[in-house]
Amino acid sequence: MVKIYRILVSQSLAETLSYRFTAVLTAIFGILFYVIELVTGGVYFSFTPTIYGWNFLDYLNLITTANLISYLYQFLFVAGHEDLVDQILDGNLDYSLLRPVNAYWFHASYRVDFPSLVTLVLTAGIETGILLKLQPTPLNLLGYLAAVIVGVAFVFALNQIVVTAAFWIDGMTALDGLPEYLMSASARPAKIYPRLLQQLFLWVIPSLAITNVPAQFGHNRPSWLLAWSALVTGVLLGLSYWEWRRGLLRYVSAN
Amino acid sequence: MTEPIITIDHVSFDYVTYTKQSGLSGSWHDLFHRQKQRVPAVQNVSLQVAPGEILGLLGANGAGKTTLIKLMTGILPVRAGSLQLLDDQHPFQKRPAFLRRIGVMLSQKSQLAWDLPPLDTLVLLREIYQVPHDRFTDWLAFLTDQLAVTAQLKVPVRKLSLGQRIKFELICALIHTPEILFLDEPTIGIDVSSQANIYRFLQQLNRDTQMTIILTSHNTKDIEALAQRVAVINHGRKIFEGTPNGLIAQYASAATLEVVTDAPLTTLPAHVTQVADSQYLVDAAALTTLPIDPQHILSVHRRNGNLDDILTRLFSQEVAP
Amino acid sequence: MSYWQTFQNALTTTLTYRGNLVLRLLTVSVEIAVASFMWLAVYRFSGQDNVAGIGSSQMVVYLAVVNVLALIFSASPIFTLSALIRNGNLSVMLLRPINYFRQSFWTYVGQATPYLIIYGLAIAFISPVFRRGWGYGLASLGLIILTYVMFFSLISGVSLISFWLVQVWPLRPVLNALFLLLGGQAFPLQILPSAWRWVALNPFALAGNQLTLLLLGKLSVHQLTIDLAMAAGWLVLAIVVVKVAAAFVPMRGSAVNG
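Protein chains in written order, with our numbering: chain A, 295 to 549; chain B, 674 to 994; chain C, 6 to 263.
Hints in this document: simulated from the structure, not taken from any laboratory.
SDA-like cross-link-like pairs, simulated, lysine to any residue; straight-line CA separation at most 25 Å:
1. A:Lys427 - A:Phe339
2. A:Lys297 - B:Tyr802
3. B:Lys827 - A:Glu309
4. B:Lys827 - A:Asp377
5. B:Lys894 - B:Asn734
6. A:Lys297 - B:Phe809
7. B:Lys827 - B:Ala869
8. B:Lys709 - B:Thr690
9. B:Lys767 - B:Ile678
10. B:Lys827 - A:Ser403
11. A:Lys485 - A:Gly336
12. A:Lys297 - B:Gln803
13. B:Lys709 - A:Ala459
14. B:Lys782 - A:Arg539
15. B:Lys782 - A:Glu376
16. A:Lys297 - B:Trp812
17. B:Lys782 - A:Ser390
18. B:Lys827 - B:Tyr802
19. B:Lys767 - A:Trp536
20. B:Lys782 - B:Leu826
21. B:Lys832 - A:Tyr313
22. C:Lys223 - A:Phe341
23. B:Lys782 - B:Ala821
24. B:Lys911 - B:Asn717
25. B:Lys782 - A:Ile463
26. B:Lys827 - A:Ser390
27. A:Lys485 - C:Phe42
The shape of chain A in the complex, shown without the other chains:
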């Protein structure tokens, strides 16, 4: 499996290089949107030094971490997911069904998106700087890293669930952007939202927990929500796998 993944990664690189110009532009836009978030954050905090106990550096930590999770997902999975939607809609999965490997993981890891790597490395660099200033304890740092990994898995599961829905619904292209919107709406301190929304997005669909928890570990405020969000992520992954199996059955019986 490792060998197959290595080949898929090198093929992704080869494809990226054949569309160099597009790749460079994509990387630049990623940075552009991050800069806009920074400027907007700067505007917020030019009126007040803290918001619900978050100062500008904490806030930076929050949005940078949220971006880090999002770019990690993009780098590792987004191209595979885009490809999968096309394959499902074009009815092109037949060959995948014939391979002696697990098709769920094969499609999930089919491509890595190298243009996102540029923005990913940049974001990781900035986040390292922020963490050096925030100085989390080693244990909290570990919690931070674990929370980021859980975050990537969560975003992956959400997208996988939405993408696989293409087995049943087509023509709803706007649906694919839903997880992205959810995650970007969640890249804010949870407390700014009304209590009901907070409860909903911390506990039921814990997208706020996914972004807020690692940031909290970063400034030494560990939270048990990490365990809960990990659990929910596990359930979502299971759900996406079940959906995939159902989808394949539907694919073969209706195609």
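Starting from the known structure of chain A, fit chains B and C onto it as the hints suggest.
Only chains B and C this time, still in chain A's reference frame:
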């Protein structure tokens, strides 16, 4: 007959389609109570294939031959009847050990990565099928040489001609040396010389390695060139099974020959009618020998003995349910 | 008339894919909500109810309106044009006895109609624009129309130029980013220090920030006049760009100008 490598026993399969209701209330209704409709694609088909055999599946578009291939390869589950390939009775379970022993080429779908050279896809397949490196190198060199595409191995797929692409699709299906090769419409849309090349190669492969080949086609040239035995599928049912010549013998109109000569005959023998300058119809039922000088004959055909004509006639017939 | 037909087709298409329309409105509502909650927190913790002349409840309206404007001023003509150039259908379009850009304009209007209706209703019922006398009302209407035509021409010009520079598709995120930052979608531009006020005169700001302020009744006669002049200026520039760039389209450039 030796132990068959494929046994299809009274197999049936239907597709499920959903009827859509119109309007907003209809869509809402559909969301919860959709009208299922079953469309039979394969009905009660039985067939056996011996190891090393080349079997042609003939049928019009939508006749059910591709569905039959998908059932055999385990893409589709068998709904009724039973099916055994090699020693596996449940292809749909897709055991890796089973999948490694079959090779499939579906003409309407591609397994080549569009922006990369074919070699990249093949290397990926090498790892997926766990082909040893040295075996892979030798076998690939042989395959590309035989199909005359060695020079295109490192050219991005989007820059290849259709014929070259089809040949690489074929190589993809063969790279792990399967015991059974399934080809769905292998020569669709490619030029005559590429077709000839593929025919020659497949015959040689079958002869040298005893690879069993199942091919579907509505191109009768494929069948004439390759198939040792054919099964004709129409509206999901098997309506004929036997040799290509047996098919012609069964369906060609009896007892009329079409003869073409190099020059018009000076005198017209009995039971011979002229249709054009040097074309004649001979009523074979009334004669024991051909009353035309063999030195002047260009060709002799059984009237309606052309496979294309026979199939056109067969496929246009409605089969009673 | 064929332009009317074009408009109808575009509108019908938008309404046919109403699932996408609803989802888009939903996602925009979410964006508005997120920005609003963030600003309400800023108001709360800064202890003031006035940020650069905008009160907290007005800020929510501002964010709602500017986000609807972002939908109206979309970059969609770029895709239509690039698709036409790439598949070689532009020359076919140019052979028709109909002006390509006028037709494309009516497609643009048709696609934005649902959002235009929302903005129009807000102007008519919520906004104090028409309570400030007919002169101001008409001038406002003039600004809206002028800005709309200007923005369309500018997008068309940019897409024509960019086709020769780069592949066109990555332009959409750039235009979105520009609207976010320069159009006042991320935050109202008047909170910038006074040395940066000129930013509000860029075409994106005219379309986003200024039209929102207009609706909120926060545009003085003086500012309205300046905006009208700026919109006219940008429009002239855009038309020049379109004419020059169109001349470089290698097929029947004169027909583009038509």
